[in-house]
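Asks: Spelled out, the chains give:
Protein chains: 2
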Amino acid sequence: MQWNNLLQQIQNDNVKALARAISLIENEYEGYEDFLKLLPFSNKKIIGITGPPGAGKSTIVDSLINEFAANNNRVAVLCIDPSSPFTQGALLGDRIRMNDWYNNPNVFIRSLASRGSMHGLHPKIIEITDVLKAAPFDIIIVETVGAGQIETEIARLADTSVVVLVPEAGDEIQNMKAGLMEIADIFVVNKADRPEADKLVKNMLAMLPLSLHEKQKKAPVLKTIATEKKGIKELSEKIIRHQQTETGKLKSFMMHAEKVYKLIEQKRMSDIDIKRLAAEIEKLSADKNFSLYRFAETFCK
Amino acid sequence: MQWNNLLQQIQNDNVKALARAISLIENEYEGYEDFLKLLPFSNKKIIGITGPPGAGKSTIVDSLINEFAANNNRVAVLCIDPSSPFTQGALLGDRIRMNDWYNNPNVFIRSLASRGSMHGLHPKIIEITDVLKAAPFDIIIVETVGAGQIETEIARLADTSVVVLVPEAGDEIQNMKAGLMEIADIFVVNKADRPEADKLVKNMLAMLPLSLHEKQKKAPVLKTIATEKKGIKELSEKIIRHQQTETGKLKSFMMHAEKVYKLIEQKRMSDIDIKRLAAEIEKLSADKNFSLYRFAETFCK
Numbered sequence: 122m123q124w125n126n127l128l129q130q131i132q133n134d135n136v137k138a139l140a141r142a143i144s145l146i147e148n149e150y151e152g153y154e155d156f157l158k159l160l161p162f163s164n165k166k167i168i169g170i171t172g173p174p175g176a177g178k179s180t181i182v183d184s185l186i187n188e189f190a191a192n193n194n195r196v197a198v199l200c201i202d203p204s205s206p207f208t209q210g211a212l213l214g215d216r217i218r219m220n221d222w223y224n225n226p227n228v229f230i231r232s233l234a235s236r237g238s239m240h241g242l243h244p245k246i247i248e249i250t251d252v253l254k255a256a257p258f259d260i261i262i263v264e265t266v267g268a269g270q271i272e273t274e275i276a277r278l279a280d281t282s283v284v285v286l287v288p289e290a291g292d293e294i295q296n297m298k299a300g301l302m303e304i305a306d307i308f309v310v311n312k313a314d315r316p317e318a319d320k321l322v323k324n325m326l327a328m329l330p331l332s333l334h335e336k337q338k339k340a341p342v343l344k345t346i347a348t349e350k351k352g353i354k355e356l357s358e359k360i361i362r363h364q365q366t367e368t369g370k371l372k373s374f375m376m377h378a379e380k381v382y383k384l385i386e387q388k389r390m391s392d393i394d395i396k397r398l399a400a401e402i403e404k405l406s407a408d409k410n411f412s413l414y415r416f417a418e419t420f421c422k
Numbered sequence: 122m123q124w125n126n127l128l129q130q131i132q133n134d135n136v137k138a139l140a141r142a143i144s145l146i147e148n149e150y151e152g153y154e155d156f157l158k159l160l161p162f163s164n165k166k167i168i169g170i171t172g173p174p175g176a177g178k179s180t181i182v183d184s185l186i187n188e189f190a191a192n193n194n195r196v197a198v199l200c201i202d203p204s205s206p207f208t209q210g211a212l213l214g215d216r217i218r219m220n221d222w223y224n225n226p227n228v229f230i231r232s233l234a235s236r237g238s239m240h241g242l243h244p245k246i247i248e249i250t251d252v253l254k255a256a257p258f259d260i261i262i263v264e265t266v267g268a269g270q271i272e273t274e275i276a277r278l279a280d281t282s283v284v285v286l287v288p289e290a291g292d293e294i295q296n297m298k299a300g301l302m303e304i305a306d307i308f309v310v311n312k313a314d315r316p317e318a319d320k321l322v323k324n325m326l327a328m329l330p331l332s333l334h335e336k337q338k339k340a341p342v343l344k345t346i347a348t349e350k351k352g353i354k355e356l357s358e359k360i361i362r363h364q365q366t367e368t369g370k371l372k373s374f375m376m377h378a379e380k381v382y383k384l385i386e387q388k389r390m391s392d393i394d395i396k397r398l399a400a401e402i403e404k405l406s407a408d409k410n411f412s413l414y415r416f417a418e419t420f421c422k
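Line by line, the protein sequences are chains Z and X. Residues 122 to 422 in the numbering used here are what the first sequence lists, from first letter to last. Residues 122 to 422 in the numbering used here are what the second sequence lists, from first letter to last.
For the record, the hints were derived by calculation from the structure and aren't laboratory data. Wrong hints could be hidden among the right ones.
As the list claims (entries may be wrong) - Below 27 Å or equal to it, Euclidean Cα-Cα: the simulated DSSO-like pairs (lysine-lysine) are:
(1) X:LYS158 with Z:LYS396
(2) Z:LYS404 with X:LYS383
(3) X:LYS336 with Z:LYS254
(4) Z:LYS422 with X:LYS409
(5) Z:LYS344 with Z:LYS359
(6) X:LYS422 with Z:LYS336
(7) Z:LYS339 with Z:LYS370
(8) X:LYS404 with Z:LYS388
(9) X:LYS254 with Z:LYS388
(10) Z:LYS350 with Z:LYS339
(11) Z:LYS165 with Z:LYS383
(12) X:LYS396 with Z:LYS158
(13) Z:LYS254 with X:LYS388
(14) X:LYS370 with X:LYS422
(15) Z:LYS409 with X:LYS245
(16) X:LYS165 with Z:LYS404
(17) X:LYS165 with X:LYS254
(18) X:LYS422 with Z:LYS245
(19) X:LYS245 with Z:LYS383
(20) X:LYS404 with Z:LYS383
(21) X:LYS383 with Z:LYS396
(22) X:LYS245 with Z:LYS388
No experiment lies behind these values; they were computed from the predicted model shown.
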């Protein structure tokens, strides 16, 4: 594989080369790690759009594409939400204006299958977004459903995390979505024409300043009606503003560090097969002096 | 520190020694790792009780203590749920019969502060449950609130995961609680005297066989009214039966393996300070040939 050549094509806006590179990484094609090492460091920002299914994330993403593209931005979108119309998991009626985007040269959309929610977002999501950064896009959006372990990963991936809620979510906020709430740089209450919307916004504005997390205290809460494109312009402006703030910049280098940490973790742990480990432990456990902690230590020497 | 001595005291049912050992581990007292290496391998089972706040987990734990203790079992309970009356985070009126247990020599209760939900359950939870296993308890229960990343950790920790839901949860099941649903070995619909209970049970029984996860297809769904101790005997029996099944035993060795994996991960990654990594990256990023992937690789050689 001519990795240098592939990278050049991507940098020259060859969409097929980009799609191919993503597939090669997804499938861990032999030598793909050499390709990754060619990727120049980039400080381009990732926008994460997350929230429970049915909150209207896809409609928001659709409207954001529209808004950013109208301002002469080239936009790339990765979808890892199984219920998103982008990933074709949703009802036909939901499939908004997707087809238009697929034919628009300034918009690139790619769906990724999430590989089981127990294992989080997508095993190669960081690498794939890094490839997108090498292509000439101004805006990169990742849409995911917020659940389980995914929040931590989105926090690690997105420079600006937008958490989309719906008015009905009011009562849940104190509990199930704690993880989701913590990662938000910007909150969006979508479907804001529904009766409960103002109450939710009011509750959030009362609650956020009490948060233990510095960034949450100041996180803006926006109202949108994405189906009517209401509030979308303001959302796009808040996103850009967040990326330009000191907090945004600081977060960015911490995120690069966490990314590297994750890569190191993958590499350092790649020699361990959990099933073989289990078989080994089962065998050794017959010895009454066997200690798991001593056993773990033998791997680290 | 006389670690051998401490272990012997714990094995001889010295509760103060046990409490002290837990504190030493929590605070990473110098040499605590030598103590861990003394812990003999144990196949004792951990029961995890998890679910959203307000589901009645604590009342279920309270009733289970009662049930197990009545059958001459010695019971240890760890609470990591900030809303649990055991951790004194709840309203006074909720504080059930806790005081009785604190004075009962056959019951040991310990609350652990969760160290921020972004970092999961508790950094030393595995080690602490291993100390409990060294003490003469028959039953070990860990109560946690189900949210964020915690599900994966509970799945790694508990041999039998009991997920407690309330009738009102019906609509949420399809979405936010996906992570929570996946880890359940046993489902409990608590507050089963409420009108929606039967509908929820019916929906779950229809849904579970369609699950992709083998164990979920067969997961029992029990109804309880914990405040009246209804359904608790059956729950305790299902828990014990689950631990004795082949699935339970198989799961157990995989869990030991995951535990060791986690320990190895901690050790292998312990030389990395994310903040210093971020500073280093910021410095190096001035070089236009800088690559995060090459940088990550330098750590793994």
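Asks: Next step is simple, just say for each hint if it's right about the structure.
Replies: Right, here's what the structure says about each hint:
no.	hint	verdict
1	X:LYS158 with Z:LYS396	holds, 23 Å
2	Z:LYS404 with X:LYS383	holds, 20 Å
3	X:LYS336 with Z:LYS254	violated, 41 Å
4	Z:LYS422 with X:LYS409	violated, 36 Å
5	Z:LYS344 with Z:LYS359	holds, 12 Å
6	X:LYS422 with Z:LYS336	violated, 37 Å
7	Z:LYS339 with Z:LYS370	holds, 16 Å
8	X:LYS404 with Z:LYS388	holds, 24 Å
9	X:LYS254 with Z:LYS388	violated, 33 Å
10	Z:LYS350 with Z:LYS339	holds, 25 Å
11	Z:LYS165 with Z:LYS383	holds, 19 Å
12	X:LYS396 with Z:LYS158	holds, 23 Å
13	Z:LYS254 with X:LYS388	violated, 33 Å
14	X:LYS370 with X:LYS422	violated, 38 Å
15	Z:LYS409 with X:LYS245	holds, 24 Å
16	X:LYS165 with Z:LYS404	holds, 17 Å
17	X:LYS165 with X:LYS254	holds, 6 Å
18	X:LYS422 with Z:LYS245	holds, 22 Å
19	X:LYS245 with Z:LYS383	holds, 21 Å
20	X:LYS404 with Z:LYS383	holds, 20 Å
21	X:LYS383 with Z:LYS396	holds, 14 Å
22	X:LYS245 with Z:LYS388	holds, 24 Å
In terms of the numbered hints stated before, the structure departs from hints 3, 4, 6, 9, 13, 14, listed from lowest to highest.
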